[in-house]
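Given only the sequences and the hints, what does the whole structure look like? Please build it.
Going by the numbering used here, the sequence shown opens with residue 3, and the numbers climb by one from there.
These aren't lab readings, by the way, just hints derived from the structure by calculation. Careful, some of the hints might be misleading.
List time: in silico EDC-like cross-link candidates among lysine to aspartate or glutamate, alpha-carbon distance up to 16 angstroms [to be verified]:
hint, residue 1, residue 2
1, K55, D239
2, K55, D132
3, K59, E240
4, K59, E236
5, K34, D121
6, K55, E237
7, K34, D83
8, K34, D197
9, K55, E112
10, K146, D197
11, K55, E236
12, K59, D239
13, K55, D131
14, K108, E98
15, K67, E246
16, K34, E46
17, K146, E32
18, K59, D197
19, K146, D121
20, K71, E246
21, K55, E240
22, K146, D132
23, K34, E89
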Amino acid sequence: MLLPTPSRAAIPGLRFGHLPQQVATAALCELKIGLRQRSASTLELGVGFAAMKALQKLRSKACPKRARKVWAAWCRQRFQDVRPLSEFPACHHAIEMASAHFGVPKQLGELNVILRSYDKGDWLGRHVDDVRMFAEPVLATILKPGGQRDGLCFSLPQSSQGLAAARADAEAAGIDELLGDDALPLESYQVSESDGSLLCLEREARFLYGHEVPATRAPRISMTWRWLHPRYQEEVDEVRAWMENG
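Structure (structure tokens):
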């Protein structure tokens with residue numbers, strides 16, 4: 003059973019939970035093996051972010067027959083580290099358990115999972131997950147926290163223009179009635195992480211606050227997952243059908 007993890011100053015739209023130790027440990031062991039086998043610090047499961055971007059470009063640059071050949075070559079050469087989720091059953095179990103805990107409804111889009119291993123000094127730049135490509139929510143679990151002061155950091159855009167642009171992106175994704183600028187309680191927030199910490203990013207936390215991982219003081223391992231936005235999924239399916247039937 004998952005229990006919510008209280009937070010004393012969480013930003014709006016950010017919810018917490020915690021994986022059972024057995025579930026988190028199994029996923030961590032499986033993830034370590036997968037990364038070690040491929041000598042990689044990052045793996046993707048399900049559908050790949052860069053692969054979906056590349057797939058869409060094929061329609062404007064090639065006929066269907068040519069596109070099929072190019073796509074097959076890209077999958078062998080560029081996207082070989084995008085693995086089926088079925089190869090990581092413990093991670094899949096953790097994803098299903100966490101998603102159910104947060105009450106995430108069945109999603110129409112395909113699932114993208116990112117497994118990241120940080121060595122000391124590694125970092126992830128500030129960003130907002132692609133609002134056109136990925137639906138709400140975005141979820142993550144910290145399977146191995148870094149140093150005592152390491153952790154995921156959230157921050158608002160530094161300018162009013164940046165915040166207005168973030169709101170416009172949210173509106174384009176079908177999200178409205180977010181808190182007004184004056185009602186946002188914190189400009190920045192750092193998550194206190196532990197083994198099995200769960201995060202669910204919705205609304206303001208998903209669209210208005212960017213997130214990043216500053217340079218870590220100790221090794222850290224995380225897993226993030228999100229689903230393709232229904233509109234983006236339709237576009238991807240159209241390109242696939244065009245390649246197959248053209």
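16 angstroms limit on alpha-carbon distance, applied to hinted pair K146 and D132: Not satisfied, since the Cα-Cα distance of roughly 25 angstroms exceeds 16 angstroms.
Agreement of K34 and D121 with the hint, judged by alpha carbon distance not exceeding 16 angstroms: Holds. K34 to D121 sits at ~13 angstroms (cutoff 16 angstroms).
Given pair status - E236, K59, alpha carbons within 16 angstroms: holds (15 angstroms)
Satisfaction of hint between D197 and K59, Cα-Cα up to 16 angstroms: violated (40 angstroms)
16 angstroms limit on alpha-carbon distance, applied to hinted pair K146 and D197: It holds: about 5 angstroms lies between the C-alpha atoms, which stays within 16 angstroms.
Pair hint K55 and E237, alpha-carbon separation not exceeding 16 angstroms: holds (11 angstroms)
Pair hint outcome, K55 versus E236 [Cα-Cα no greater than 16 angstroms]: Given that 16 angstroms is the threshold and the Cα spacing comes to 13 angstroms, the pair holds.
Given pair status - D121, K146, alpha carbons within 16 angstroms: holds (11 angstroms)
Agreement of K55 and D239 with the hint, judged by alpha carbon distance not exceeding 16 angstroms: Within the cut-off at roughly 13 angstroms; holds.
Restraint status (C-alpha distance of K59 to D239 at most 16 angstroms): holds (13 angstroms)
Holds or violated: K55 to D131, with C-alpha atoms at most 16 angstroms apart: holds (14 angstroms)
Restraint check for K59 with E240, where alpha carbons must lie at most 16 angstroms apart: The hint holds at about 12 angstroms.
In the structure shown, a violation is registered for the earlier hints numbered 18, 22, in ascending order.
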